[in-house]
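4 protein chains.
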Amino acid sequence: MKAASIALFSAAILSLAAGSVPAQETPTEREAAREVLKKMAALEQSLDVPGLVSRLTAANPARDQVVGRARELIDKELLALADDITRNPEIGFVEHQSIQKLIDYLKLHDFEVQVPVAGLDTAFVARFKRNNGAPNLGVILEYDALRGTTRAFHGDQHSAQGPVGIAAAVAMAEYLDRTKSSGSVVVFGCPGEEMMPPNAKTVMFEAGVFNGMDVLVRSHSSGVTSRPAPGFGTCCMNIDGVKYIFSGAPSHQLQPWNGRNALEAVIHLFVNIDSVRSSIRPEARIQGVIPEGGAAPNVVPDRTAADFYIRYPDAVYLEQVRKFVDDAARAAALATQTKVKIDFYGKTRDGISVATLGEVGFAYMKMFGATKLAVEPGKPQGYEETGSVSSAIPGLGFSAYSSNAPNHTYEMESDALIEVGHRGFTVDAQSMTALLFDFATRPDYRAAVKREFEGIKALFGEYQEALKKVYTVPSVPDPK
Amino acid sequence: MKAASIALFSAAILSLAAGSVPAQETPTEREAAREVLKKMAALEQSLDVPGLVSRLTAANPARDQVVGRARELIDKELLALADDITRNPEIGFVEHQSIQKLIDYLKLHDFEVQVPVAGLDTAFVARFKRNNGAPNLGVILEYDALRGTTRAFHGDQHSAQGPVGIAAAVAMAEYLDRTKSSGSVVVFGCPGEEMMPPNAKTVMFEAGVFNGMDVLVRSHSSGVTSRPAPGFGTCCMNIDGVKYIFSGAPSHQLQPWNGRNALEAVIHLFVNIDSVRSSIRPEARIQGVIPEGGAAPNVVPDRTAADFYIRYPDAVYLEQVRKFVDDAARAAALATQTKVKIDFYGKTRDGISVATLGEVGFAYMKMFGATKLAVEPGKPQGYEETGSVSSAIPGLGFSAYSSNAPNHTYEMESDALIEVGHRGFTVDAQSMTALLFDFATRPDYRAAVKREFEGIKALFGEYQEALKKVYTVPSVPDPK
Amino acid sequence: MKAASIALFSAAILSLAAGSVPAQETPTEREAAREVLKKMAALEQSLDVPGLVSRLTAANPARDQVVGRARELIDKELLALADDITRNPEIGFVEHQSIQKLIDYLKLHDFEVQVPVAGLDTAFVARFKRNNGAPNLGVILEYDALRGTTRAFHGDQHSAQGPVGIAAAVAMAEYLDRTKSSGSVVVFGCPGEEMMPPNAKTVMFEAGVFNGMDVLVRSHSSGVTSRPAPGFGTCCMNIDGVKYIFSGAPSHQLQPWNGRNALEAVIHLFVNIDSVRSSIRPEARIQGVIPEGGAAPNVVPDRTAADFYIRYPDAVYLEQVRKFVDDAARAAALATQTKVKIDFYGKTRDGISVATLGEVGFAYMKMFGATKLAVEPGKPQGYEETGSVSSAIPGLGFSAYSSNAPNHTYEMESDALIEVGHRGFTVDAQSMTALLFDFATRPDYRAAVKREFEGIKALFGEYQEALKKVYTVPSVPDPK
Amino acid sequence: MKAASIALFSAAILSLAAGSVPAQETPTEREAAREVLKKMAALEQSLDVPGLVSRLTAANPARDQVVGRARELIDKELLALADDITRNPEIGFVEHQSIQKLIDYLKLHDFEVQVPVAGLDTAFVARFKRNNGAPNLGVILEYDALRGTTRAFHGDQHSAQGPVGIAAAVAMAEYLDRTKSSGSVVVFGCPGEEMMPPNAKTVMFEAGVFNGMDVLVRSHSSGVTSRPAPGFGTCCMNIDGVKYIFSGAPSHQLQPWNGRNALEAVIHLFVNIDSVRSSIRPEARIQGVIPEGGAAPNVVPDRTAADFYIRYPDAVYLEQVRKFVDDAARAAALATQTKVKIDFYGKTRDGISVATLGEVGFAYMKMFGATKLAVEPGKPQGYEETGSVSSAIPGLGFSAYSSNAPNHTYEMESDALIEVGHRGFTVDAQSMTALLFDFATRPDYRAAVKREFEGIKALFGEYQEALKKVYTVPSVPDPK
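Residue numbers (the working numbering), protein chains in the order written: chain A, 432 to 911; chain B, 432 to 911; chain C, 432 to 911; chain D, 432 to 911.
Hints are computed from structural coordinates only; laboratory data are not their basis. Don't take every hint at face value.
One copy or two, either will do: identical chains are not told apart, so a pair holds if it fits within one copy or between any two.
To be verified - In silico DSSO-like links for lysine-lysine, alpha-carbon gap of 27 Å or less:
(1) Lys888 / Lys778
(2) Lys611 / Lys538
(3) Lys778 / Lys911
(4) Lys754 / Lys770
(5) Lys772 / Lys754
(6) Lys611 / Lys797
(7) Lys888 / Lys770
(8) Lys911 / Lys770
(9) Lys674 / Lys803
(10) Lys674 / Lys911
(11) Lys611 / Lys881
(12) Lys560 / Lys507
(13) Lys899 / Lys888
(14) Lys532 / Lys507
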């Protein structure tokens with residue numbers, strides 16, 4: 432019974448780049464990414480990001496003037512606006528008052544506002560009226576609150592994103608206008624980040640709302656001042672959100688054979704999934720609930736529904752996992768003579784992060800007084816949660832330390848109203864302005880960002896191809 | 432492969448008493464009831480019910496006077512009250528306005544009203560103030576409407592039960608009072624007949640509300656003028672209503688091993704039940720729904736619930752069926768390391784019907800002009816749905832033809848407001864009064880009812896004992 | 432909650448023809464058969480079977496002479512041959528010694544024997560060498576023993592069928608030959624009655640082996656002397672025997688995602704069936720076993736199999752039941768990404784019985800001394816177990832009392848060797864000879880049998896059509 | 432939706448000791464082992480194993496003489512004996528001829544043989560007749576062949592273990608005897624290594640068979656010349672082998688309610704396990720088969736059985752996994768009203784490996800000409816597969832390169848008969864003799880081995896305690 436223990440445990444001896452968290456979470460992924468990661472290391476070395484950071488963050492009165500204007504707006508008006516929104520939380524897709532306040536402010540500062548966009552009532556796009564060609568600077572705002580057990584609340588501090596982003600947008604727009612520089616500023620109001628369906632940014636992206644942007648920035652609350660490592664990835668796996676709706680035929684309990692039981696169908700969706708858990712790689716996470724489980728115990732249920740989040744570290748094997756779950760639903764319908772509708776209502780995918788934005792942004796956050804600094808870059812990931820925008824357009828999420836509480840807590844909401852929050856928002860607004868200034872005024876910087884982003888995007892494509900090769904599906908012969 | 436086909440099909444050759452529907456629905460039950468049914472036939476023969484009917488329904492001016500008074504109340508006031516309640520439907524346990532109207536009327540006619548009773552807000556007991564000892568005549572009223580998809584509605588015509596019953600109660604109370612006869616009249620307001628939990632009449636019965644009654648009557652809408660055969664039974668099997676509530680431990684979807692999944696538990700309750708369906712006699716009906724099936728797909732559900740109706744033709748084997756379902760729940764909890772609470776919230780059981788009341792009542796319905804007469808008596812069953820009262824106290828449900836629509840329809844509600852309904856309610860009120868008159872004034876009749884009821888009750892006990900003997904549980908040896 | 436109890440229990444009040452067991456076992460079937468049964472009663476009345484019986488069983492020296500010859504063969508040689516076969520039991524499809532003994536005897540009496548037939552090693556056809564046209568008299572012989580826990584045994588007394596049938600065949604062949612009468616005698620050796628697959632008689636029937644026969648007779652052990660009522664039916668429901676074979680992909684237990692689990696597939700076949708048990712009419716019986724359930728616990732099983740008997744009282748709804756089971760298998764394969772092969776290896780269906788043969792045969796059994804007489808005819812059913820032959824060609828199974836033990840017991844085997852068995856076999860041989868004599872010599876009798884058989888066959892077709900109309904499949908809308 | 436990605440992926444950044452494969456396979460285990468591994472590193476450093484190796488493998492004519500004698504026995508007789516056993520393979524527990532050959536040889540060389548031992552027919556203990564106190568040198572022999580699809584075969588080369596071990600045992604016994612040195616030699620014949628139940632070495636160990644041994648050695652075929660790192664571990668997880676046997680009650684398919692279905696029980700064992708797969712840490716491997724799945728489709732199965740291997744990287748959490756599976760079986764019995772017997776028939780657990788034996792053995796293998804050398808030590812693991820002996824008594828498995836084929840192949844069997852195998856066996860015999868010589872003659876060496884072994888054993892205990900602390904069971908509140 433001597434077994435070759437080597438293959439089984441080879442995962443563990445993969446030597447890891449000291450300190451940073453890799454995007455590849457499974458042995459199979461690390462194996463597939465081996466060549467890609469070598470090329471990425473070469474790309475990063477060729478960019479000399481530390482040199483770039485030094486040059487950009489050197490003394491620059493013009494930049495400081497624009498940053499000062501953003502600071503002025505924040506101090507005078509926008510922190511107050513943030514507090515106002517914090518105190519009047521609205522959950523996703525009904526943030527009507529919140530966007531009205533943001534839109535009013537933008538209009539006052541010469542932005543032209545389109546609302547709704549992409550069929551979403553509380554999505555908007557605001558363009559500075561005197562925009563002047565490329566480069567196109569985009570600022571993403573979010574404003575939805577969380578659903579608490581007793582009330583909506585801003586436990587993720589989205590309430591401050593609008594004011595912070597607007598400070599940078601207005602300051603940059605005024606600068607470009609005043610100096611007659613080439614460049615445009617566009618603000619994107621993005622609803623319902625915490626909810627799906629729909630997946631708002633993906634809907635907007637697919638409707639072409641972000642077309643033409645050269646860079647996108649966003650601010651977000653955080654317990655530490657951090658930035659992602661360059662690469663591709665996501666915080667919490669690639670996700671498919673899917674609803675399975677079953678219909679049967681009703682019948683009185685006394686003659687159930689005259690009906691078809693949609694509850695049995697939804698139950699066997701779960702049972703079928705359980706039957707293949709051991710045939711699916713162990714890193715998958717498949718979890719569902721039954722929001723509709725039948726109406727009355729004396730009638731055969733004719734309608735039921737289940738809601739699932741299906742996750743895997745990469746999108747390639749996720750497709751195979753998803754097929755297992757869809758087949759589980761189809762099999763449940765087949766066995767129970769019911770019908771199923773598969774409603775694939777949303778997804779999150781790997782985004783791209785670049786060091787040319789991440790390290791410069793991080794340096795500015797330090798410069799403008801951010802504390803609680805993460806020494807090493809975090810896991811590579813996009814600046815927004817769906818991956819649809821952040822894998823297509825370079826950008827950066829600013830995350831200066833703004834709370835002592837974990838995300839999604841009532842304590843983080845409270846912190847939004849006091850010193851710790853205000854200080855973080857101010858740092859984000861200043862750093863965002865500085866980075867946009869550099870991006871707008873330095874063609875060589877834009878070229879470096881573009882080169883890095885395109886390079887990583889190509890490597891991400893290579894990685895996906897490599898994964899497709901390793902995830903072979905077992906061959907099953909016909910039974911005899 | 433010659434098989435003894437005889438045992439398998441012997442059920443079919445049981446010779447049935449011509450025309451009438453037996454309470455025994457399975458071969459096993461019919462086998463167990465063989466001796467009991469013989470004794471019951473002898474009991475019935477000894478009572479000479481046809482002779483009794485002839486004697487009672489012969490000309491009787493005193494009776495006709497009391498019946499005339501009931502008719503007067505109906506014509507002048509109570510049909511209008513019925514229409515009023517029909518037009519203002521209230522569902523079970525919130526029939527506040529409906530009972531107020533009935534109570535007001537009863538108080539006006541010298542009844543003393545206690546409300547609430549037995550902890551039920553809309554249950555009441557009304558006693559005539561000048562009640563005078565035995566015999567105790569009880570009248571059951573119901574008044575709850577059905578839950579429709581868009582509104583509450585009186586699709587079962589419970590709206591008329593109060594007015595009909597009150598007509599008889601007031602007429603009889605006045606008669607006893609006027610003639611200084613011995614006897615008492617009590618009216619029982621019983622809420623929520625269409626809903627459980629709670630099972631209102633059972634709750635009231637167990638609280639002693641019906642104690643001391645010698646007879647109970649009730650009126651109910653019907654598509655035909657009918658009466659039950661003497662015996663014991665129920666319309667739609669003996670039922671246990673049970674809720675199974677599971678608790679687990681919550682955990683984020685990414686680390687499900689830190690939780691315990693209450694949704695898997697409730698799912699496996701159903702799966703476990705399905706696994707023994709073929710080990711349970713085929714007449715059982717077990718049907719459930721999942722009103723609580725977990726909250727969010729990215730969190731391991733820590734609370735779920737299922738609601739079941741468990742039915743079997745008799746209560747003895749129902750206990751074995753119930754044990755299978757309870758064990759299915761316990762096994763689901765055991766396997767998933769969750770906990771389960773078994774909430775047995777209601778039941779219906781066999782009631783008792785007697786020919787001495789049924790045939791006399793039927794004869795009066797004919798006499799007072801009922802049409803659409805069922806030639807043969809229907810299945811034996813109690814005069815109320817739970818069986819708790821109707822298996823303890825003799826009584827009769829009056830069901831003169833009052834609608835052309837099936838029960839539980841909007842059409843039956845409409846019929847309550849027009850000729851067909853009004854005529855049926857009037858017949859019920861007159862017949863009920865006549866029967867109560869006979870019962871109050873003829874000790875020999877009371878004795879006959881009592882003898883029949885006690886006889887059938889004893890035979891029901893014998894039948895239950897016989898069933899216990901035939902439903903042996905298979906013996907399972909220890910595995911080796 | 433007043434419910435219409437009438438529809439639910441109408442089954443029970445169907446008035447049954449006194450005494451005899453109907454072929455229709457469910458309320459739905461009885462409803463569908465109502466018109467057909469009326470027509471069948473008219474057909475039977477028109478045949479005047481009692482008159483026919485009187486005429487045929489009247490004194491007839493020619494018949495008695497032939498019967499005497501059969502008796503002589505039985506007494507001198509064939510009971511000894513029966514004992515010999517009883518003492519040397521061989522199970523189905525390997526009855527090599529048993530058939531050799533029968534074939535040797537037939538050859539000795541001028542029969543020409545073809546073996547094997549229809550691809551079955553131990554099936555044979557023996558034709559009298561001087562056969563002379565129509566009518567064609569067929570005698571079915573069986574000879575397979577049962578599989579006991581410790582040894583093969585003749586617990587169903589098939590060991591005597593050959594000798595009994597040969598006595599009648601030889602006696603009739605000699606008679607026709609001697610009298611130069613028109614007519615032929617053919618003996619059919621049918622293996623493996625107790626086993627499938629294959630379903631031997633169906634295989635032989637479909638190969639045309641029985642083509643041209645005008646009547647078929649068989650003898651079978653019994654605890655009572657009985658005959659079936661005229662009609663169509665089967666002892667123990669219509670049956671589909673089906674094997675479901677699953678293939679997956681093997682993998683070591685440590686990396687199960689590299690395999691596809693055929694054991695999960697077969698398990699979920701059962702689970703899927705259980706999920707629809709309450710959606711199938713309760714008279715269905717679906718029962719399976721897992722003869723192949725995987726090889727080693729440390730390897731993902733790549734081949735499994737389940738074996739099912741699927742039963743329903745009629746073949747029409749059986750098709751719907753079968754679809755549920757087949758779909759359960761397909762769904763199990765779909766959900767587990769395995770493959771399934773559905774091997775429908777055998778079936779039993781309703782056969783046809785006619786009173787013109789049954790009552791005459793019964794009268795002869797009485798005449799030749801049979802005891803333990805069943806007063807009423809038994810359930811209608813064919814003279815062989817598959818229904819394939821017995822629904823196409825008229826015939827009769829002779830069942831004189833030949834044992835005090837139930838079928839399929841070691842005691843019934845013992846009885847084959849003593850007085851009770853020998854007496855029954857002798858009665859069967861004599862009665863069979865008498866009936867064949869009448870059939871061969873009386874054209875009017877042949878016409879009556881034919882008219883009854885064709886009439887019932889047509890009515891069976893009408894019944895099947897009627898069933899198709901009542902078994903509607905619930906309609907399931909698309910989910911929204 | 433900003434999530435703390437750090438906790439989730441911290442596993443990946445644990446810095447690993449370069450090159451060697453750790454015994455800890457999960458993040459939780461590595462976390463729990465942190466302190467233990469530090470202490471182990473200190474222990475190893477304090478032992479100066481490289482220095483020890485240098486001293487022992489220096490020139491030593493006495494040792495060379497004894498090694499030469501082993502070589503002589505191998506060359507002249509024992510390779511031929513190995514070939515003989517290879518050509519006459521016998522599977523586990525019936526190795527009667529194989530042990531007879533080994534026993535005969537041992538007796539010829541003055542060993543006293545006890546057979547059977549510990550209740551195992553083909554287990555034996557052979558003690559040299561002139562044994563002379565401590566130290567006690569034990570040699571383990573195995574000799575069982577593998578079960579092939581068509582024949583038994585020595586695909587793991589156990590056929591050579593006896594001859595190799597005997598060469599060393601005889602050479603050392605003769606040396607101690609000749610030189611009147613203190614010391615004893617005992618040979619342990621251990622059957623059925625490839626099969627359980629029973630787990631032969633564990634049975635022998637628990638019967639005290641190995642009591643008193645100071646060191647144990649064994650030879651085993653290998654594709655590379657290797658040795659384990661010091662520590663504790665197992666090649667392929669800790670395993671519980673468990674059989675679940677269900678009993679029900681039989682019944683004909685037509686009346687299944689008279690039975691209790693043991694097949695449903697075993698099916699729901701699997702279904703129950705599947706229901707908690709997502710509640711169990713993903714490194715667990717639970718895989719079963721159904722060797723007994725019911726007998727006939729027309730009878731309710733009354734006996735079934737499932738056979739499981741349950742694995743987890745450590746024995747502490749394995750207990751929790753095991754409880755899930757046992758509870759799944761108990762729940763299946765509870766739900767189906769059957770009974771279950773849990774037969775825990777065998778287990779494998781972490782063994783202990785020490786560098787003081789491993790590195791010295793490896794140096795000798797090199798010295799005696801082994802090729803295909805593994806540069807780094809392999810995963811820590813015991814010298815025998817159960818862990819029961821190897822976690823209690825220090826020892827070493829010798830694995831010189833002896834085949835070009837993977838273990839458990841017909842090719843490895845062939846290699847046992849040619850140059851590559853013979854050379855490996857010879858190297859093992861010589862190295863084993865040399866190591867035993869050192870152990871017998873050098874008290875300081877014995878002390879070092881003992882110190883290392885006791886140290887690691889204590890650390891293993893600490894590790895188990897640390898694991899117990901981290902594997903908390905979620906708390907489940909009572910449902911309300």
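Results of checking the hints against the structure:
1. Lys888 / Lys778: within (19 Å within a copy, 50 Å between copies)
2. Lys611 / Lys538: within (21 Å within a copy, 90 Å between copies)
3. Lys778 / Lys911: between (41 Å within a copy, 21 Å between copies)
4. Lys754 / Lys770: The answer is both: 17 Å in one copy and 16 Å across copies each meet 27 Å.
5. Lys772 / Lys754: Classified as both: same-chain Cα gap 14 Å, cross-chain 22 Å, threshold 27 Å.
6. Lys611 / Lys797: So Lys611 and Lys797 fail the 27 Å test inside a copy (30 Å) and across (78 Å) alike.
7. Lys888 / Lys770: neither (41 Å within a copy, 39 Å between copies)
8. Lys911 / Lys770: between (31 Å within a copy, 10 Å between copies)
9. Lys674 / Lys803: neither (41 Å within a copy, 52 Å between copies)
10. Lys674 / Lys911: The answer is between: 11 Å across copies meets 27 Å, while 37 Å in one copy does not.
11. Lys611 / Lys881: within (24 Å within a copy, 83 Å between copies)
12. Lys560 / Lys507: within (23 Å within a copy, 79 Å between copies)
13. Lys899 / Lys888: Intra 17 Å, inter 45 Å, cutoff 27 Å: intra-copy only.
14. Lys532 / Lys507: Within one copy only: 16 Å inside a chain, 65 Å across chains, cut-off 27 Å.
Hints 6, 7 and 9 from the earlier list are contradicted by this structure; the remaining hints agree with it.
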